[in-house]
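S.K.: Based on the sequences and whatever the hints tell you, model everything.
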Amino acid sequence: MHGDIYSIPIQGKTDNLDHLHLVALELGDQCLMVPAFGSGGKELADAIAVFGRKYIFPHQCSVELDNSKFVTFTAGKTGKLTTWFVARRSIITVAEAGKYKYEGYMNTAGLLLVCDTLLEWVKVSPENLPPKIVRGIEALVKNLRK
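According to our numbering, the stretch in the sequence shown is residues 64 to 209, in order.
I should point out that these hints are in silico values taken from the structure, not numbers from a laboratory.
Values in this document were obtained by computation on a predicted structure and should not be read as measured data.
Take the hints with a grain of salt, since some may be wrong.
[As the list claims (entries may be wrong)] Okay, derived cross-link-like pairs now, DSS-like style, lysine-lysine, Cα gap no bigger than 30 Å in a straight line:
{"id": "1", "residue 1": "Lys186", "residue 2": "Lys140"}
{"id": "2", "residue 1": "Lys117", "residue 2": "Lys140"}
{"id": "3", "residue 1": "Lys117", "residue 2": "Lys195"}
{"id": "4", "residue 1": "Lys143", "residue 2": "Lys132"}
{"id": "5", "residue 1": "Lys195", "residue 2": "Lys209"}
{"id": "6", "residue 1": "Lys162", "residue 2": "Lys140"}
{"id": "7", "residue 1": "Lys105", "residue 2": "Lys195"}
{"id": "8", "residue 1": "Lys143", "residue 2": "Lys105"}
M.R.: As structure tokens, then:
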């Protein structure tokens, strides 16, 4: 399931609009989800700036990708420049992820870029992900690089 992309609304933000969410890691019955936002938006820039005030640089909390190079969509969407905001990650169950609209999948190169950013984020903010999830990301990265 890692690499799959679903369209999930973000409650209480951006008028509850659907945003792409990447399954960065599936571990047991849980999925680590990373949301995407259109690059260059004010709300995203403001959120990244908040982390900057905590000495967390943009490359440590987000990664900008051209989805046309990294994502294969099932239908109706085209890739565009998007920021995958790892600092706004969430953990949901596999069953819950399956309730949302499947949009496509991210290739290995893109998934590695997102996972590398997650690991950078954990270095500067280790309390934000459980050690078991971090070990899972590290194992996934090692496996993907083979």
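S.K.: Each of the hints needs a verdict: does it hold here or not?
M.R.: Outcome of the hint check:
Restraint check for Lys186 and Lys140: not satisfied, since their Cα atoms lie roughly 34 Å apart, outside the 30 Å limit. A distance of roughly 35 Å separates the Cα atoms of Lys117 and Lys140; the hinted pair therefore is violated under the 30 Å criterion. Annotation: proposed proximity of Lys117 to Lys195 holds, straight-line Cα distance about 25 Å (limit 30 Å). This hinted pair checks out: Lys143 and Lys132 have alpha carbons roughly 9 Å apart, not beyond 30 Å.
Simply put, Lys195 and Lys209 have alpha-carbon atoms about 22 Å apart, close enough for the 30 Å limit, and the pair holds. Straight-line distance between C-alpha atoms of Lys162 and Lys140 comes to about 19 Å, which keeps the hinted pair within the 30 Å bound. Taking the CA atoms of Lys105 and Lys195, the gap is about 34 Å. The hint is violated against a cut of 30 Å. Of the supplied pair hints, the one linking Lys143 and Lys105 holds, its CA atoms being roughly 17 Å apart against a limit of 30 Å.
Of the numbered hints stated above, those contradicted by the structure are hints 1, 2 and 7, listed in ascending order.
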